[in-house]
Every structure is written in C-alpha cells, then in structure tokens.
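Enquirer: Chain by chain, the residues run as shown.
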Amino acid sequence: MSARLLVAMLVAPARCAALSARQWTALLTAARAERLLGTLAARLEGLAVPADVAPILADARLDAARERLQALWEVDRAVAALAAIGCAPILLKGSAFVAAGLLAGQGRAIGDLDILVPRDRLDAVEAALLGAGWEWVKPDPYDDAYYRRWMHELPPLIHAERDRMIDVHHTILPLTARRRPDAAAMIADAVPLGNGAAVPRIDDMLCHAAAHLLADGDMAGGLRNLWDIHCLIVEHGAAADFWPALAARAERHQLAEPVRRAVRLAHRLFGTEVPEAWRAGGAADGLFMARLLCRDDWGRETRPLLRLGFYLRSHGLRMPPLMLARHLWTKWRRGYRPMG
Amino acid sequence: MRHEIGLAIGPATFRVGSAWRGPIMQLRALYADYPAVDLDRQVPDFTVRLQPTRPWRRFVRPSIFIAGDHWLAEAAPMALGHGLLAAEMGMNLQMALGWRRHLLLHAASVERDGRAIILTGESGSGKSTLAAQLGERGWRLMGDEFALLDLESGLAHPFPRLVSLKNAAIAVATAGLPPARLGPRLAGTAKGTIRHLVPAPDAIARMREPAMPALLLFPRFGPPLDRRPVDPGEAFVRLTQASTNYIALGEAAFRALAQVVTHVPALALDYPDGEAAIAAIEALWSECP
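Chains as they are written, first to last, in the numbering used here: chain A, 758 to 1097; chain B, 12 to 300.
Quick caveat, the hints were computed from the structure, so don't treat them as lab data. Check the hints yourself; a few may be wrong.
[Unchecked claim] Pulled from the structure, derived: some chain B residues nowhere near chain A, Cβ distances all over 12 Å: (1) Met36; (2) Trp110; (3) Gly135; (4) Gly149; (5) Ala198; (6) Thr200; (7) Ala201; (8) Gly203; (9) Pro300.
[To be verified] From the structure, some residues in chain B lie toward chain A, with a derived Cβ separation under 8 Å: (10) Gly28; (11) Leu50; (12) Gln53; (13) Thr58; (14) Arg60; (15) Asp213; (16) Gly261.
Think of the CB as a built atom: it goes at the ideal place given N, C-alpha and C, for glycine as much as any other residue.
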C-alpha cells in the first residue's frame, strides 16, 4: 500500500530518512501516479535524500516550476482575452492556488486552466476566447450538445498555438446533479487579485474542492484534492470565524455533507487540525479512505470492485437514473467503454 | 508485479515489471553485459509495467498494455510474443516524456576520437541502421534512438539501448554478427518485422562517456547520393522538432540548442544504400574541422 506511504511522507517528510530503496521507489511511483510528485518534492526540499533520489526530485521541482509559470501565463492570456468584454474571470483549482500564492499551490501539478464566469456572460466569453485563438476540442455533436445543456462548463477549448486547455465554468457541479451550489454568491464574493482575475473566497475554494472530490466523479486521483483541502485548512483554519463561516457557506452551496466529509477525511488521513465538532460522524468514511488509498508499489490502482462501486456512485451523483440510462446507451453505441 | 528487472542505459535507470516471465527473461539475456541495477539498493528513475489489458488476458490470448510512470492511454495492446518490443517501447516512452536532465533529441549518435556525429531524421530515414553499421566499423555507437545533450556543456551523452532494426535493415545490419548479439525475430509488429541488436562491447562499456558533437547529419534513405549544407536556422528548427523535451526545459534548451547549431556544421545527406552513406560519412568526417 504505497498510497499510505505517500500520505505519511507528505505529512511528516523528515521520516523519509528511514526509507529503504524499495520504499523510495514505491513512494515516488505512487506520487507520480497520484500527480503529487511535485508536491512531495516541495515537502522534501532541504532534507537529505539518497543520491539516486535527489535528481528525480530536482526534475519534479523543475516540472512544477514550469507548470506554475505556464499556468500563470494562461491566466494572463485569458484575462487579456476577456478584458475586451469587461469580464474578470474567477480562477479555480490549481491556477487559483498559484495565482493567490497559497500553500496548496506549492509544487502542485496544474493541467488545464479552470475559470468561473457568470452564466449570462457565457456566450460573450465563448466568443471572446474563440476570437483570441482558442478552438473546440470535442468534435462530437452529442458531447457538445450534452455539455451545453447539462454540464457546469462549456465543452473544453484548446489554444491553437499554445496547446493549452481552458475549462469555462458557470457553476461548480453539473446541472443534472441533485446539489445546486450558489455560483452567483461565489462570483459576487470573489476576491480580486489586482491582475484582472479574481479567486473565490477560501471557504468557497474549500467547498469547490470538496464538491469536486466527493460530489462529482469517481475519486480517481482524489488524494491530490484532499491535499488541497488540507493545505487550505492549515493556512486558514486558525483564522477567527473560519469554521462557522465554512459551515454557513457549505450550507448555502448545498454542500454541507461533502464538505464535512472532506474535512473529516483530511483530519483522518493527513492529521489536519479541525475542531472537535467537525470530527463526529462518518460511518462510511472508511470506504472513502480505502478508495483514496488504492495505489500499490508499482503505481497501479488496486481494489477493482471498490473502484467500480465509486465509479457507479459517480454516475448516480451526476444524474437521475433514467437520464443516466439514456446517456450510457448513447455513449455505448458510440463505442465508449468505461474502465480501461 | 510478478517479474521484474532493473536496467541501466546511459545515465538513466529503469525498473521493468511484467505480468509474464518471458519478456523479463529476454531483457535479462540481452542486457546481460550492461551494469546491473539492484532494485533492493538503488532507486530507478522510471518504472515500466507490462500488464494484461484485462485481468484474464494474462492467460487467455495474452495481451500486453504498456504502462508506467508515463504512458499513453491510446497505446495499442501488443501480443505477448512482442513482449521485448513492448518493454523497449515502455522505456523509450519514459525517456521521451519524462527525461529532464538533458535536452533529448530523437537521434542516433556515434563517436570517434572524443567527437560525435548526431544523425537525426524521421522514422525510416535509416538512422538506426546507419548507427548500427557505423558501430561495427570503427565508430563507437552512442545510441540509435536518443542523443542526450548536456544543457551547460553541450556534450552528447550516450543512450545505447538495444538497437531496433526493422525489415530489410535486419539482414543488412546484422550480417556477420554472432547470434548471441541478436534478439528474437519479431514478425508482424505495427512496424513490420523487428529484431534487436546488442551494441558492440565498447558501446556498453563506455556508455557513461560523453562526446562533443562535431557534425550534425540529416540522413534520408532512398534518393541518389547528395549532400547539401543546412543553415543554422533550419538546423535549429529541425532539432526542436526532433526533441521531446525542448518545451519542458524552456530557456535552458533554447540556449543549448542555439550553441549546438552555431558551432556544429550541419548537412543533409541523401543516400541510396548503406555502403554509399558510410563512404560519404567517412569523407565528411575527414573534412570536418
């Protein structure tokens, strides 16, 4: 179970001094597979590591620095493209963490640029991005129509010259999901960064991370989301009024349950300091922890049945049964096969 | 995984795991003369996994999916009989997508007197075959697939993996070589018939010895013999296209590549057959400053 080793080293990096070569190999492989190698390298910075491990970590730091730079450049480009229509994008996930200089951004792998804009500006935003060099990726008309009708984001756009993807969100969960986060409040209360972009409030970031981890998707790669949540709490959890504000905000976004579970999971896996009242409950937490730790010494995902269970759960979260049946039937006919 | 081996090729180390014994046995035999990597004491740079496409495909019509630290979701499954090729492709993929310590060029390279020729071109340009032939005729083979340029010094570091010979090139490049240096004949791969060649002993013994690039060649197999100089600007663009980590390394890669194209003469070489190419290369080498 090298995911557990990864968790242990992220929490207490100094304990790496006791690792054998085999354990180091397992640790680095699991960290790569969970896209946490850059984060691990940042955590291990300054500690003595074996001679054959040091260059691997140095490479990871180089990659993280480049991804950070690229992410900030994509932010800059998106801001420039949207300035013409007077829209200040709200950055989400990794881009928000690095742009706001948060602990969660240290060493973090960042793929796409995720932004949030008001739903009534979507058409203008789409036109502005297309005019500035972004293009559609999804050629499939069913997928395109599906995105536009049911998803919380536009179909992904990719920049023709820079080959980087942008996801334009108008809310943080699919419209088919039971929970309806209050995107308007998230946008109204966003914090401007002074560069033409803004980021959500810290508690909104946490709500979004929890929604992403627990209310959408099958939790593959979820350890990284949970580490984001841990970092947000480490950095801001001690602020006066943080916890009551978080509770109120989670309630407002209809995310009370996922946020509470995410906080408990962070506490149980990473030892995040959280108030006593937030630790109670969670009969099923063990299953979620097991799902987050499905990674062996070779970087393979283990426990196929448990993963299948969470995969099915993710579809149940995303849409009502009849709609799901119709959607899966259409995708199947088009040759899509899940799980491998 | 059930079977594993540690391998060192040039500056890189690998852990290759396999659900089947066969591919690991073949690697063990063909890499026998390479420095050993003891996975109980060393931490390899990369992990490669040869795993069944589905659990039951370990036994029923065995089918290999190439995975590891870096992998392509769309990679086609391979037959177990092509397991050696799958392992080689897996290691290439780690280098192409993950190597950061040098500027990686998709190029063959050979060395003489401490100076190197870098041969780069599209798949089918004949660089593997030329490198293999030169490696048996007074040159040290540094690699048939990747040349690794030091970002500071500009030195080329070897990556002498098994040479991958295809189709008609197999007979040409292996004539007269002992069978012990040849891998199994792999017929019916996506690129036709493939056979692996163990590099000459000096290529392996000196695999950590770099050399300064002295000549850049862009070979093209097929047309009548012809050579023309390639100006630094064109050479620069061609080399960025031949590199898989040029973007990832950023400014350091730009500076290293600019150094190479300003200091190393570059030529395009068209050739109808290996003998003509080798004669032309020897002639070019004798003119080299």
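Enquirer: Checked against the structure, which of the hints given earlier come out wrong?
Expert: 2, 15
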